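**Student:** Residue numbers (the working numbering), protein chains in the order written: chain A, 1 to 397; chain B, 1 to 321.
Among the clues, some could well be false.
Unchecked claim - Computed list of lysine-lysine pairs in BS3-like fashion (alpha-carbon distance at most 27 Å, straight line):
no., chain 1, residue 1, chain 2, residue 2
1, A, K220, A, K171
2, A, K171, B, K317
3, B, K317, A, K139
4, A, K396, A, K347
5, A, K396, A, K220
6, A, K347, A, K220
Stated by the list, open to error - Derived Cβ-Cβ restraints for the label pairs, each shown as a range:
no., chain 1, residue 1, chain 2, residue 2, range
7, B, F89, A, G28, 55 to 63 Å
8, B, G223, A, S67, 51 to 59 Å
9, A, A19, B, T292, 45 to 53 Å
10, B, I193, A, K139, 22 to 30 Å
11, B, P298, A, Q35, 36 to 44 Å
12, A, E167, B, I193, 56 to 64 Å
13, B, P123, A, E167, 38 to 46 Å
14, A, S185, B, A220, 34 to 42 Å
None of these hints come from the bench; they were simulated from the model. What you are looking at is a predicted structure, and each value in this text was computed from that prediction instead of being measured. We put the CB at the ideal spot given by N, CA and C, even for glycine.
Below are the chains, spelled out letter by letter.
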Amino acid sequence: MPQISIIMPQLGESIAEAAIINFLVKPGDQVEGGQDLIEVETNKATMTVTAPCGGRIESFSAQLNESYAVGDVLGKIEATKEEAARFGLDVPAPTKSCDPETVTNQPRNGTGSRVEPTIRGLPVPANASGASYMSPRLKARMHELGLSAADLAGIAGSGAAGRVTVEDFEKFMANLETQKLTKASSMRVAVADAMRRSWTRPIATVGLPVQIDAVLAHRKTCDPKPGPALYALRALAVALAENSAVAGRLVGCNIVHPSAIDVGFAVEAEDGVLVPVLRGADKKPLKELVLRYNELVELARQRKLPADATGGSVATVTNFGTFGLIWATPIPLPEQTIVLGLGAGRKMPHWDEAKGQFVPVMEAYLTLSFDHRVLDGGAAGRLLLRISDLMRHPEKL
Amino acid sequence: MSITYLEAIREAQAHALRDDPRVFIYGQDVGAFGGAFKATKNLQKEFPGRVIDAPISEDAIIGLAVGTAIEGMRPIIEMQFADFSTVAFNQIVNQASTLFWRTNVPCPITVRLPFGGTSGSGPFHSQCLEAIYAHYPGLVVLTPATVEDAYSMLLAAVALDDPVIFCEHKFLYYHLKAEKLPSEALPIGKARIAREGRDLTIVTYSAMVHEALAAADELATEGWQVEVVDLRSIKPLDTDTVVASVARTGRLLCVGEAWPWGGVTAEVIARVSAESYGLLDAPPQRLNAKDTPVPYHPNLWAAHRPTARSVAAAARKLIRF
Numbered sequence: 001m002p003q004i005s006i007i008m009p010q011l012g013e014s015i016a017e018a019a020i021i022n023f024l025v026k027p028g029d030q031v032e033g034g035q036d037l038i039e040v041e042t043n044k045a046t047m048t049v050t051a052p053c054g055g056r057i058e059s060f061s062a063q064l065n066e067s068y069a070v071g072d073v074l075g076k077i078e079a080t081k082e083e084a085a086r087f088g089l090d091v092p093a094p095t096k097s098c099d100p101e102t103v104t105n106q107p108r109n110g111t112g113s114r115v116e117p118t119i120r121g122l123p124v125p126a127n128a129s130g131a132s133y134m135s136p137r138l139k140a141r142m143h144e145l146g147l148s149a150a151d152l153a154g155i156a157g158s159g160a161a162g163r164v165t166v167e168d169f170e171k172f173m174a175n176l177e178t179q180k181l182t183k184a185s186s187m188r189v190a191v192a193d194a195m196r197r198s199w200t201r202p203i204a205t206v207g208l209p210v211q212i213d214a215v216l217a218h219r220k221t222c223d224p225k226p227g228p229a230l231y232a233l234r235a236l237a238v239a240l241a242e243n244s245a246v247a248g249r250l251v252g253c254n255i256v257h258p259s260a261i262d263v264g265f266a267v268e269a270e271d272g273v274l275v276p277v278l279r280g281a282d283k284k285p286l287k288e289l290v291l292r293y294n295e296l297v298e299l300a301r302q303r304k305l306p307a308d309a310t311g312g313s314v315a316t317v318t319n320f321g322t323f324g325l326i327w328a329t330p331i332p333l334p335e336q337t338i339v340l341g342l343g344a345g346r347k348m349p350h351w352d353e354a355k356g357q358f359v360p361v362m363e364a365y366l367t368l369s370f371d372h373r374v375l376d377g378g379a380a381g382r383l384l385l386r387i388s389d390l391m392r393h394p395e396k397l
Numbered sequence: 001m002s003i004t005y006l007e008a009i010r011e012a013q014a015h016a017l018r019d020d021p022r023v024f025i026y027g028q029d030v031g032a033f034g035g036a037f038k039a040t041k042n043l044q045k046e047f048p049g050r051v052i053d054a055p056i057s058e059d060a061i062i063g064l065a066v067g068t069a070i071e072g073m074r075p076i077i078e079m080q081f082a083d084f085s086t087v088a089f090n091q092i093v094n095q096a097s098t099l100f101w102r103t104n105v106p107c108p109i110t111v112r113l114p115f116g117g118t119s120g121s122g123p124f125h126s127q128c129l130e131a132i133y134a135h136y137p138g139l140v141v142l143t144p145a146t147v148e149d150a151y152s153m154l155l156a157a158v159a160l161d162d163p164v165i166f167c168e169h170k171f172l173y174y175h176l177k178a179e180k181l182p183s184e185a186l187p188i189g190k191a192r193i194a195r196e197g198r199d200l201t202i203v204t205y206s207a208m209v210h211e212a213l214a215a216a217d218e219l220a221t222e223g224w225q226v227e228v229v230d231l232r233s234i235k236p237l238d239t240d241t242v243v244a245s246v247a248r249t250g251r252l253l254c255v256g257e258a259w260p261w262g263g264v265t266a267e268v269i270a271r272v273s274a275e276s277y278g279l280l281d282a283p284p285q286r287l288n289a290k291d292t293p294v295p296y297h298p299n300l301w302a303a304h305r306p307t308a309r310s311v312a313a314a315a316r317k318l319i320r321f
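Based on the sequences and whatever the hints tell you, model everything.
**Tutor:** This is the structure we're talking about:
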């Protein structure tokens, strides 16, 4: 007779484990399918583990007051083949703790083959609906009007589970016509589209204060003077040349590494943002980049960027400090994994260990927004630290 | 003067016999007895020699009809109950439906099937077989829902050169009434908007049209305007009218008294889904009889078939999706 594992079930959303607080039956007892067997306590409530099928309790491997993860084997039920098949348990459920004993339950011989469903015993929602459900008609209508899902964020749906019906949508659109409408520029639309595509990823931001006295002193010695953002850009390029994987893109199960360290920088132009690109920013020293940088800024402001000066960059620098902002959480371009931000410089007190007193320093925040699928806080922090180190020695950039 | 659905069928047959000497009626007890439901009452007297009693062999009846059709006649066949037409299945689907395609000789026979459930009729006197016949190329399948359609569509059936399965609903025979017979009609293959609405389209046919209309009345008191499409003809199926209606409402409920499996409701949903997916604001739904033989007991029967109440419940659920 097959032995069926009693498994810690998924007891609710975000519950990963549960502690055994009471056994309601003992080994040797005859139980029905669905009968309560074990009381368990989660961080949310007390619940019960039920019998996967009818049969005799063979053993409990779980211990009282111990915690077990969802999917762990808690014990065994000895069931007839028919009973096991009835509950779809005649093939082993994929469990986290792979139990070699359950494998022996399988009478897998070559004769009398029958088609086995790939997925068994899993609750599959048959009718996915809810607030995020968009009907074919709604999609078709939005497509017709050139709208995207984000445009519908303001509509409270009246359909099942709050979904937006076509009627809701048409009312919303009719109401819009009563309000003042201005045409969004093509640049605005392009930025909106890029941000919407980018926001499909989990994006996080970390930040670090960096002393920029050295940068400010160094730029006075140069002619023409490089902007502070260019220092950040060059430092980023150097850091990426040391380890380009942090700017890699995750596609499926692969990290796609950048083929060249071409770094873009955000330039506000009219009603949007343009991102000209400095090609091979890791290959040339800072002072060789200045002229090209200034030229690109000017071309971007005039919206006359040549085709080869946009696109194809691995990362972007954005100097939100020019707006007087100290801190921001910029969003990387959809085709990029990271965006480096530079805040406004401020005089800040800094404890000087040697002098035994606070001294004024110019400080600005560096921020790094990143695709959390590719990077974690640690890697992002290390990259920022490396950039900040490089910026302390601008003469080497 | 008022005329019932059943009387309209009798009148149409009388009209056909009068108009066309090639027409004759053949079936069990259609002669002196006037038919199991009196659909041929007095016709034998009025048209001597042209309303002929048949032996109790549906197979032989259709076989004879096909033979006379080959010889240029236009027989109207009465099956006592649609259920019994399965005994003539071979003659209908193998002979009649393929004849023209095999030989270029048309087969203008009309097979009248008194079909559908009435209280207490049980599994052998209640079945809806329209989907089975619609499955076969070469057959035309008509399902009139009104007195007017029963009359005009039966006349159109007799005039057609194709073999026609004429599904007349027994539930409508006596209590469905009209003031007078129509002088004009929609062509065969054209559906009818039985009620206009904007919130949901119910596509149905035959007796279920009336359940759907009653459900629409009920929903109207709740503020919903339901459009009801009466298909009239199952084959050919008027997809255009259905799609145009779904274009107005965005929601589709198909109601049929027949069983769900591979039925007319499934066909309608398949066509709408495939041809006009972008019109749907909710998953199309169907409501059919339960997938069991038709029960005898009146209470069970009422639970087995779709009713105004269950149609309204399904419609409500779909409107609120």
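**Student:** Can you name, in rising order, the numbers of the hints this structure does not satisfy?
**Tutor:** Of the numbered hints, 1, 12, 14 do not hold.
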